[in-house]
Each structure stands twice: as structure tokens, then as C-alpha cells.
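Under my numbering, the residue at position 178 of the sequence shown is numbered 167, and the numbers go up by one with no gaps.
Treat the hints with care, as some may be off.
Stated by the list, open to error - In silico lysine-lysine, DSSO-like type, Cα no more than 27 Å apart, as pairs: (1) K196 <-> K69; (2) K196 <-> K95; (3) K27 <-> K183; (4) K183 <-> K136; (5) K217 <-> K66; (6) K136 <-> K210; (7) K27 <-> K85; (8) K95 <-> K134; (9) K177 <-> K66; (10) K85 <-> K183; (11) K95 <-> K183; (12) K134 <-> K69; (13) K27 <-> K95; (14) K196 <-> K66; (15) K196 <-> K27; (16) K63 <-> K177.
Honestly, the hints are just simulated from the structure, not real lab data.
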Amino acid sequence: MRIRATVAAVSGALALSALAVPAAHAAGPSSYRADVAKVFQAAHAPSAATAGISARVAGDEMPYDLDVTFSNLKVAKAVKVGTTSHVSTAVTYTMKFGADVDVTAKDFVTGPILYRGSFDRPQNVLFGDLPATCSVTSETTANCKGKIDIYPDFGELANAEAGTWRAGALAIAWNGQDPESPDFDWSKVGVAEKGGLGTTLVQRNSKLTTSAKPKPVKKGKTVTVTGKLSRANWDSG
-10 MRIRATVAAV
0 SGALALSALA
10 VPAAHAAGPS
20 SYRADVAKVF
30 QAAHAPSAAT
40 AGISARVAGD
50 EMPYDLDVTF
60 SNLKVAKAVK
70 VGTTSHVSTA
80 VTYTMKFGAD
90 VDVTAKDFVT
100 GPILYRGSFD
110 RPQNVLFGDL
120 PATCSVTSET
130 TANCKGKIDI
140 YPDFGELANA
150 EAGTWRAGAL
160 AIAWNGQDPE
170 SPDFDWSKVG
180 VAEKGGLGTT
190 LVQRNSKLTT
200 SAKPKPVKKG
210 KTVTVTGKLS
220 RANWDSG
């Protein structure tokens, strides 16, 4: 899922573009991705840039700060992405939560995030198709493992975005609220998020091919070796 930041003409504010779920993932697992992206977008709207997650979302409704923190995040040193194939990378982290947070509730979800740029105003954000799975190890701690899913054929990456991405995590307690319902109430939703927990390199996949002539090689004769280095072009596919 892509959230690309653009400079808005109106009042010169930084705005987040509308989110679109790739058609091939419009059902099933993608509902998590779309819902999480919606929460992340709301939290990082211009009004949220300085006020944090509790910034105004719609009218007087706003999500409350969920008593959850994240640490010990581990992600691959590099993720190589081509132009067509789905790529996923595992992320693990520790989640600590307060006594009033029910992490075993069916509508409690948590998952990793990869983002480009600053956490407050990211240029692009990537999520997983499914929430992380967590193992509760004490009354206040759980170990979690999730994935970041990347679909380059849906335009989720641009060539200029190859390089260092930062990792973070978020958690949402929906508390019975359905984000697709007309009666959805933001004030009953708890959200926690944290960036800057790690880094990874998102790289354009490359290939090197070589050949040597003549064949067979003869002693004392010249051998010519030719090769071709190619890289994935995310801009053109």
C-alpha cells in the first residue's frame, strides 16, 4: 500500500494522497492493509503533524492513545525488488502493553511499517497484507512477527525511492468499530505507533550475465568475455 506525500496547492500544506487498494488484493487480506493505511493516513494528516496520533480526524472525533510501545525490531538488511513479482520480508519486534489493553481481542491488530522519509511526513509507506502474529510472554509483553508485502507491478515504488527505508510498528484496538460502517466512531478506536525502530535497504533487483568466446578455449589464444548488467526499472515496469 502506497501513501505518497505531495505539496498541496491549497494553503501550501503537506497532504496525503487518497489511498487505493490494488484490484488484485481488493478482498480478504487486503482489508487489513486498507484499514491500517486509513488509520495511518488520518494520524499523519497535516493537523496531526505536531499533535501526534490524537490529532483531530473528523469533527470532534479522534482516536485515543493506546498504551502500547514497541522495541527490539529486527528487519532484513536489504530487500531486493524486481518489477513484477510480489516480495515480502519478515519483521520481528517486542510489544509492551498496559493492563487495560486486550491484545487477544479479535479486533486488536498490530503490524510492521516501512516508510521513506520522516515518520511524521513520509514520502511513501509500505504495510503487510496481514497483521502480525504475537505470542504473549507475560502480562505486559508479547513477541510479534509480521511481514511487509511489496507489489512493484502496482506502482508501489519509484526508482528515486531505492535506498534506505526506516522501519516502525503500529497497533490498533478497533473495540468493535467497523471503519466501513456509517456509524464508525474514531473516538472509540485506540492507536499506537512508533517509527525509527530500524532501517533496511530497498533495492532495485539487478542481474549480471556473462559469456566467453571462443569455445573451446585454446592455449595461448585470446579469450573475450562480455557481460550485461541490468536493474529493475520501477518507473516503467
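**Message:** Does K66 sit within 27 Å of K196, going by the straight-line distance between their CA atoms?
**Reply:** With a Cα-Cα distance of about 19 Å, the restraint between K196 and K66 holds, given a limit of 27 Å.
**Restraint check for K27 with K95, where alpha carbons must lie at most 27 Å apart** = This hinted pair holds, its Cα atoms lying about 19 Å apart.
**Asked** For the pair supplied as a hint, K177 and K66, is the alpha-carbon distance within the 27 Å limit?
**Response** With Cα atoms ~37 Å apart, K177 and K66 exceed 27 Å; violated.
**Prompt:** When you check the alpha-carbon spacing of K183 and K136, does it fall within 27 Å?
**Reply:** Cα-Cα ~16 Å, so holds.
**Prompt:** Keeping to a limit of 27 Å between CA atoms, is the pair of K134 and K69 held or broken?
**Reply:** This hinted pair holds, its Cα atoms lying about 20 Å apart.
**Request:** Would you mind confirming whether the straight-line C-alpha gap from K196 to K27 stays at or under 27 Å?
**Result:** It is violated: about 37 Å lies between the C-alpha atoms, which goes past 27 Å.
**Request:** Take a quick look at whether K27 and K183 sit within 27 Å of each other, Cα to Cα.
**Result:** 16 Å, holds
**Asked** Are the Cα positions of K196 and K69 separated by 27 Å at most?
**Response** Since the Cα atoms of K196 and K69 sit roughly 11 Å apart, the hinted pair holds (cutoff 27 Å).
**Item:** Satisfaction of hint between K177 and K63, Cα-Cα up to 27 Å
**Value:** Roughly 31 Å between the alpha carbons, so the hint for K63 and K177 is violated.
**Asked** Is K95 close enough to K183, meaning Cα to Cα at most 27 Å?
**Response** 22 Å, holds
**Asked** Given the hint that K27 pairs with K85, does the C-alpha gap stay at or below 27 Å?
**Response** 24 Å, holds
**Prompt:** Has the given pair, K217 with K66, been kept, meaning a C-alpha gap of at most 27 Å?
**Reply:** Given pair K217, K66 holds - Cα atoms ~26 Å apart, limit 27 Å.
In summary, the structure is inconsistent with hints 2, 6, 9, 15, 16 from the numbered list given earlier, while agreeing with the others.
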